[in-house]
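Assembly of the complex is requested from the two constituent chains, each provided in isolation within its own frame, with the hints serving as guidance.
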Amino acid sequence: MHVTMTVNGTEVTRNVEPRLLLVHFLRETLGLTGTHWGCDTSNCGTCVVLVDGEPVKSCTALAAMTAGHEVRTVEGMADGGTLDPVQQGFMEAHGLQCGFCTPGMMLTARALLDREPDPDEATIREAISGQICRCTGYATIVRSIQWAAAHPAAAPSEQEVTA
Amino acid sequence: MTTVQERSPMPQEREPNPAHSDPDRPIGYGRIQRKEDPRFIRGKGRYIDDIVLPGMLHGAILRSPMAHARLVSIDTTEALAHPKVHAVITGKDLEGLNLAWAPTLSADVQAVLATDKVRFQGQEVAFVVAEDRYSARDALELIDVEYEELPVVIDARRALDPGTAVIRDDKDGQTDNHIFDWEAGDKAETDAVFARADVVVSEEVIYPRVHPAPMETCGAVADYDPIDGKLTLYETTQAPHAHRTLYAMVAGIPEHKIRVIAGDIGGGFGNKVGIYPGYICAVVGSIVTGKPVKWVEDRSENLMSTSFARDYLMKGEVAATTDGKILAVRTHVLADHGAFNATAQPTKYPAGFFSIFTGSYDLEAAYCSVTGVYTNKAPGGVAYACSFRVTEAVYLVERMIDVLARKLEMDPAELRLKNFIKPEQFPYKNKTGWEYDSGDYEPAMRMCMEQIGYDDLRREQAEKRARGELMGIGVSFFTETVGAGPRKHMDIVGLGMNDGAEVRVHPTGKAVVRISVQTQGQGHETTFAQIVGEELGIPTDDIEVVHGDTDQTPFGLGTYGSRSTPVSGAAVALAARKVREKAKAIAAAMLETRPEDLEWEKGRFFVKGDPSAAKTIAEIALGAHGTVALPEGIDGNLDAEVTYDPPNLTFPFGAYICVVDVDPGTGKVKVRRFVAVDDCGTRINPMIVEGQIHGGLADGVGMALMEFIGFDEQGNCLGGSFMDYLIPTAMEVPDWETGYTVTPSPHHPIGAKGIGESATVGSPPAVVNAVVDALAPFGITHMDMPCTPARVWEAMQGRPTPPV
Chain F
1 MHVTMTVNGT EVTRNVEPRL LLVHFLRETL GLTGTHWGCD TSNCGTCVVL VDGEPVKSCT
61 ALAAMTAGHE VRTVEGMADG GTLDPVQQGF MEAHGLQCGF CTPGMMLTAR ALLDREPDPD
121 EATIREAISG QICRCTGYAT IVRSIQWAAA HPAAAPSEQE VTA
Chain U
1 MTTVQERSPM PQEREPNPAH SDPDRPIGYG RIQRKEDPRF IRGKGRYIDD IVLPGMLHGA
61 ILRSPMAHAR LVSIDTTEAL AHPKVHAVIT GKDLEGLNLA WAPTLSADVQ AVLATDKVRF
121 QGQEVAFVVA EDRYSARDAL ELIDVEYEEL PVVIDARRAL DPGTAVIRDD KDGQTDNHIF
181 DWEAGDKAET DAVFARADVV VSEEVIYPRV HPAPMETCGA VADYDPIDGK LTLYETTQAP
241 HAHRTLYAMV AGIPEHKIRV IAGDIGGGFG NKVGIYPGYI CAVVGSIVTG KPVKWVEDRS
301 ENLMSTSFAR DYLMKGEVAA TTDGKILAVR THVLADHGAF NATAQPTKYP AGFFSIFTGS
361 YDLEAAYCSV TGVYTNKAPG GVAYACSFRV TEAVYLVERM IDVLARKLEM DPAELRLKNF
421 IKPEQFPYKN KTGWEYDSGD YEPAMRMCME QIGYDDLRRE QAEKRARGEL MGIGVSFFTE
481 TVGAGPRKHM DIVGLGMNDG AEVRVHPTGK AVVRISVQTQ GQGHETTFAQ IVGEELGIPT
541 DDIEVVHGDT DQTPFGLGTY GSRSTPVSGA AVALAARKVR EKAKAIAAAM LETRPEDLEW
601 EKGRFFVKGD PSAAKTIAEI ALGAHGTVAL PEGIDGNLDA EVTYDPPNLT FPFGAYICVV
661 DVDPGTGKVK VRRFVAVDDC GTRINPMIVE GQIHGGLADG VGMALMEFIG FDEQGNCLGG
721 SFMDYLIPTA MEVPDWETGY TVTPSPHHPI GAKGIGESAT VGSPPAVVNA VVDALAPFGI
781 THMDMPCTPA RVWEAMQGRP TPPV
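Those protein sequences? They're chains F and U, same order as listed.
To convert, note that position 158 of the first sequence is 158 in the numbering used here; the numbers rise steadily by one, no gaps.
To convert, note that position 71 of the second sequence is 71 in the numbering used here; the numbers rise steadily by one, no gaps.
Honestly, I wouldn't trust all of these hints.
[Said to hold, decoys possible] Quick partial rundown of chain F residues pointing at chain U, CB under 7 angstroms, derived from the structure:
(1) 39
(2) 41
(3) 94
(4) 98
(5) 100
(6) 101
(7) 139
(8) 147
[Stated by the list, open to error] In silico DMTMM-like links for lysine to aspartate or glutamate, alpha-carbon gap of 25 angstroms or less:
(9) U:44 - F:79
(10) U:429 - U:50
(11) U:291 - F:70
(12) U:84 - U:50
(13) U:44 - F:70
(14) U:510 - U:599
(15) U:670 - U:737
(16) U:510 - U:581
(17) U:325 - U:198
(18) U:578 - U:635
(19) U:44 - F:40
(20) U:35 - F:92
(21) U:670 - F:70
(22) U:84 - F:28
(23) U:670 - F:121
(24) U:668 - F:11
(25) U:84 - F:70
(26) U:584 - U:599
(27) U:44 - F:75
(28) U:35 - F:79
(29) U:44 - F:11
(30) U:315 - U:183
(31) U:92 - U:172
(32) U:84 - F:40
(33) U:44 - F:28
(34) U:187 - U:317
[As the list claims (entries may be wrong)] Ranges of calculated distance between the beta carbons of each label pair, as one might list FRET restraints:
(35) F:42 - U:225: 56 to 62 angstroms
(36) F:65 - U:776: 38 to 44 angstroms
(37) U:724 - F:52: 43 to 49 angstroms
(38) U:724 - F:116: 31 to 37 angstroms
(39) U:364 - F:42: 16 to 22 angstroms
(40) F:116 - U:487: 55 to 61 angstroms
FYI, nobody ran anything at the bench for these hints, they're computed from the structure.
C-beta: ideal position from N, C-alpha, C; glycine also.
Only chain U is shown next, with the shape it has when bound in the complex (with noise of 0.2 angstroms):
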């Protein structure tokens, strides 16, 4: 394994590609611009509320606007008497059908309509179609509900009391609020490492619950054809084929009479992962009315109901000797699930991969416990690009290691680089069991410190601090888990998480690919051509990608977790692969040869020793769909497919420092320097990995400083629009400034490890280190996020409250 160290504040220009003469044609890895571009820049996306089909009624949902309550009636008969009103479904109608309830991806039940008791506020209620969809809103005055108010369950700390109300009483033997209780490590070892440490550090660490939010809310247009018992569903979603199974085994409908499409994605980060509702709504609105029904939520609703992220209540506590050699972390995790249990995790991670908290260091134990609880809140939880939970695990030890660094008094750099898994320790294996496959940390740290000028930026602050200006320097380094994963250990509902990839080359040599992930904006279509081409010689502009429509693509669990290319760019480097040892038969009976004696240079094969006796690519699959003699066992194409099941997950990591400077007088926290380091193996297309990174530090800041899902004491959501759920604009965030090494995975086909989710998992831990360290004179060791002004304020006056 080999490190390579480059620095990139900017993208690299276009890298010249020696086996192929036109630069404007270029072909694998390197900086180009995207395929899914031209038609972006013109407003030629097809998004899902763009869907228009003949007859096509909307869909609205009555919401509920209580957190707890008993659903005592609800009258229709207004609502049905509105004359563009085509239908009016509640959740006795769904009772009918035995779709009152759906499973979750979490082995729960979750309410599609209510039924006996709204539990969060925002629960779906009931559902009417009309033709338009101002019509349907109208509609949904009409509808009289009456509800009686139970007790509401806000306070997961609270959830478990004793007499507390039982949200969950429509599950057999539920007689709590509690849902799971989970661990890792050894605890008895872990304890023995506690007692005997010269420094113990804990403090009370919470994630608060935050929200996705992607630009584009959720949606569906399903059309049912009653004739031929086919059900086209087009969706928000970023697991097309995940979700088309699920359909056939909640809804009934065959398979193979269900075709999901996913059109263009206007953002998902995990918030469009599970079924809703909605979707489910839709389904049964086009089955009851036979016309096409499209749902899509508006702000609100998403904000409300759809999954939010993170919810954690962390107590953490590190085990250190005085020269700041850290032995051994530990920490009980309480875990607000919100009504129902609908995280979408692996199957035998209900707290997902929250055990690689660990981080990036080596040591001697450590121990982890989670408890879920069900509270009066929306359901979800794994979303938000958090690479399931690593962001929250990232976070806890990250700032549990500055807590750490203050109490020993070290520089919180020296504290990580002192600690980190050394290089020759690779492949490492972590202490509640994970491998952690390759990295070289000391670099990357080492570069992000220069980058910035980490010693000048501290001898600044000290004249600062002496002028009682207030400037923050905030460290991170994180290792990510990604890529999940191999099918031994990771399912979700029974589905192993492999991906399937189909590679063709048509006769003139121009290619498809076809993939069963999901973009939102990743850049699939680019990024798949340009490992295809890379493999196969064929320019990317040759290529072509499809995906989101389960008619047309092979079996995969979709886009999550940073899973896309450790997966599914891994199945198309094997299928092109697969592709190119065919055409090396084929070359080889064209060229009167035997394979063993042709060579592969990007783009063709030759005979060894004599560079004129060639085949090009697009040769070869002319041979192979024409009139060559094929070998025996070759059949004529040059198509290949492969379902790739990974050997193990892929660690990309990354060092990052935030500057901060805070107002005295308000509490307002400026961002005004971010550099960040990543680590991704193998690097596609750098322009869209350092969009990737990009994205991730904005949500990061954001997480940090303002972005909020609150509730009060009544249960009302109190981030239910932009104008309460603050989201940053290009006035909150910094010019970003970027750097990488590169330490491949060796044993991801390609060396690729992913980058979707990294920067969101890092960059938390960065910005509120740094608006900690600024507040160090005030004798601050934690705050908690959003570090709001309002809320920095208060922790300047020595009351640094948890966010309520």
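With the rest of the complex left out, here is chain F (with noise of 0.2 angstroms):
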């Protein structure tokens, strides 16, 4: 069947199973491979996309539920050479370790931030519950989106600038 999406503000139209996760439209389909898989039962969230701003864990939909809807993943994160701040915060506040739940956690921040700009860290602990970090006991994922918070403008990328 055919389906057509926006992913990272590109529209996509790609011809798939019907029983094609969103997860593997992502990563095969697309070659998008920086969303991850890591459980099948939704608890792990190392999957976790934007879907229309939401985040949502991409094993557990298919790529067919997320037609005409606005996807986006951590590619789509900077803007350009611009990191958002949440990429920025994980990098200064040592957020990631493995890196394998890294996109997921940033994206669910990135929701987080967009509806409420100053999390208190009960309320950040609370967003990322559904997802899974094994590396970091989490303390620095929450400094990483305290710092995101309070960094609200785009961070110019050195890496980017430099390349």
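This is how it looks when you write it as structure tokens:
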């Protein structure tokens, strides 16, 4: 079947199996491997993407269900050479180690800050509670999101500028 | 040896480096952002499932639904008829290649694909190769396997009973489920001390089966080129070089024709040390089909079949005087190794380094014995940041110290302080043969107590108890033993536990360091660059760390048991020092002076008494590769390599205190506060050190309160998904509070001891001690992990049951 959706601002149409999961559509059909897969049971949240601005576990949604919607993945977080403050915050506060849960965590954080620009710690913890990180013990993820909340202006990316 | 105490609740800010004027280009140790982060925050990491090769096929494994059954027949006809299936491989096919069984890391064999029996639920039975991952899974449904059920052995305590089903009847002469007996310490001496002791406490202590469950499951992409006979194997591995050697030994492919590539690894924690049947199946699949084959397991496969951790049933005993002097510890352990003995540990240590169960205390005697048994459960055993079973050892001794404290009606912190090995006793030889390199325990303990406000908490607890509220304070103090290890004592399947490093300074003064260890999130690309930078005065940004590719890096045994910094970090530092010595000779030639007239300051050599006559490391590098007339015996580069054989292990330590509140109505445990004071010797990047500790603390809370791989009577795994195997989220853990002391290792080139597993080792007893402390009004002296609400509630009813 043909599905059409907007991914990171670009409209895409692909012919896919009806049973194709959104996570596999993004990763394999579109080659956007920044979205990860971790559990199959909607528990771990490494596959979180934003659908119309809301965090969705892409292992639990079919590509077909997302037709007509706007999807945002980690690849769509930076605006050209400018990092999202959430991305900058994760580097500043050591919010990642192996990096596997990071895209999902950052997108949930982005959705949270869009909704609530200055959340308290309990709100942040609740927002990311549908996602598992095995490396950080979460405190630095919380601090990363707090850093982003305190620096709402998009941060220029040294990496992109010098690259 | 000096002990520097500093408190750092938050990582310290970037330290200015006097040797360099540009604060944006830091050199050497200190808190700096990680070099690997820019790719990860953009979603540009390259994990196993991100690898796509031209023409690549996908593999899937059919697994046994039964825990113990005879394999009667396998019919693959229908699966082979699937239009997208390229191959179906069974154990019989592998027998023809002599690959149906593979050696484990513990002198046993493990079935790659079952031929005679299945021995645990989830065991590999057949491998399908198809055009895409969905078709491969579809085809699994088309394979028809007939099983003849056999009695299962699930309870390790029953494994050796007469008449019990023999799991490993494939092994010649194996007539029961016994694997090994092992002991350490002096039994007679220990028994004598126990016989004359005023007080003896004993407790059955279980460290249940848990699983490392890294967020990325295990997988491989095998690409065999039949023309030149070269196998390129992308793998989730913590030990690429050891894997390559083992593949060469097992598969008969010459070692120089195997290239193992470990890209970005989404967490390991020991889960990615061993070689799993799926990896071998991917290789066979690629050889059979002539195309690259990807195999990535799903979460249930990961939890049910790959290396579990713990599963130690321990009888702990402590002998002491009535005034609280601990005299001796004694234990017998029943170790459940599952269906194949596949633990990853040094050859001479079938129970890992468990004999460090003497802990941080100065004892008169100690004795432990360990019996390993087979059961119908997944194989594995040394995983989940356990430091080769130090986790089990520390949990036992720290739980038992609290049992003793209760018996003596002493404060558990005071009891520990009274019995610590004193700073002047280091290097300290314990009663089971370990030589603790350095330590200063009391300041760490005092710092932890002060930081958490120990005395105030005890007062608060007394008030709450009077009101019927359940609050617990749990103390633990651990000594780790990491950095394996000296080759005269330690090898894994015959490979000495050493690691190589190679440092090259390019003509323009930029450097590359090639290492044998494998990051899984620990930040090697940053830390190892900082070590080289510290030694050579080169900015971290100008140093590239290469790892994870056997074609590009020197041989070494990889990353597990917190060994990267203790072993590979030493190799890197010494290689950089060799470069510096060479640079000195070249600088002398350039400055027309003698090497002994030169002095080093970070980044340059200058003539003693004339600092203006100097050559920077970049100038020397250009000279080395240029036209400078080189001194005798110096060749034209600025490179060096070292393979490091550690003279001893390193012994990080720490003091942890946990505060919990228990809901008397539901038994739910809330971790209110957790203070961790760690000493890992020299801290290269305090931010990364702190991150390692935080992760381990969350592991500890998870194991103490939630995580558990259980089985029912038929051997069905009850922890086979994240719906059942519970891992802490941000809601279950507190905001960690940390502090540190610095007691360098005297034998390590930079004094670093390693930190990767300290918190996983030290934190479970702090949490459980806190829970048991909270439940003291119910007369409970011990309860086993996991302290789930249901199990805590049962304990409150006077029925603290072992986990099943």
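message: Checking hints one by one. Is residue 94 (chain F) an interface residue toward chain U, by the C-beta closer than 7 angstroms rule?
response: holds, 5 angstroms
Distance restraint between residue 92 (chain U) and residue 172 (chain U), which requires alpha-carbon spacing of 25 angstroms or less: holds, 20 angstroms
query: Does the nearest C-beta of chain U fall within a distance shorter than 7 angstroms of the C-beta of residue 101 (chain F)?
result: Holds, about 5 angstroms.
query: If you draw a straight line from the CA of residue 35 (chain U) to the CA of residue 79 (chain F), is it 25 angstroms or shorter?
result: holds, 21 angstroms
- prompt: Should the hint that residue 42 (chain F) and residue 225 (chain U) are 56 to 62 angstroms apart at their CB atoms be regarded as holding?
  reply: violated, 40 angstroms
- prompt: How about residue 98 (chain F): closest beta carbon in chain U under 7 angstroms, or not?
  reply: OK, holds: residue 98 (chain F) within 7 angstroms of chain U, min 3 angstroms.
field: residue 429 (chain U) paired with residue 50 (chain U) [C-alpha distance capped at 25 angstroms]
entry: Status violated; Cα separation ~49 angstroms.
task: Below or equal to 25 angstroms on CA atoms is what counts here, so check residue 291 (chain U) against residue 70 (chain F).
output: Outside the cut-off at roughly 37 angstroms; violated.
query: Is the straight-line distance between the alpha-carbon of residue 44 (chain U) and that of residue 11 (chain F) 25 angstroms or less?
result: The given pair, whose Cα atoms are some 22 angstroms apart, holds under the 25 angstroms limit.
- request: Below or equal to 25 angstroms on CA atoms is what counts here, so check residue 510 (chain U) against residue 599 (chain U).
  value: holds, 22 angstroms
query: Do the alpha carbons of residue 44 (chain U) and residue 70 (chain F) lie within 25 angstroms of each other, as the hint requires?
result: Between residue 44 (chain U) and residue 70 (chain F) the Cα gap is close to 21 angstroms, so the pair holds against 25 angstroms.
query: residue 84 (chain U) and residue 40 (chain F): Cα distance at most 25 angstroms?
result: holds, 23 angstroms
In the structure shown, a violation is registered for the earlier hints numbered 8, 10, 11, 21, 24, 25, 35, 36, 37, 39, in ascending order.
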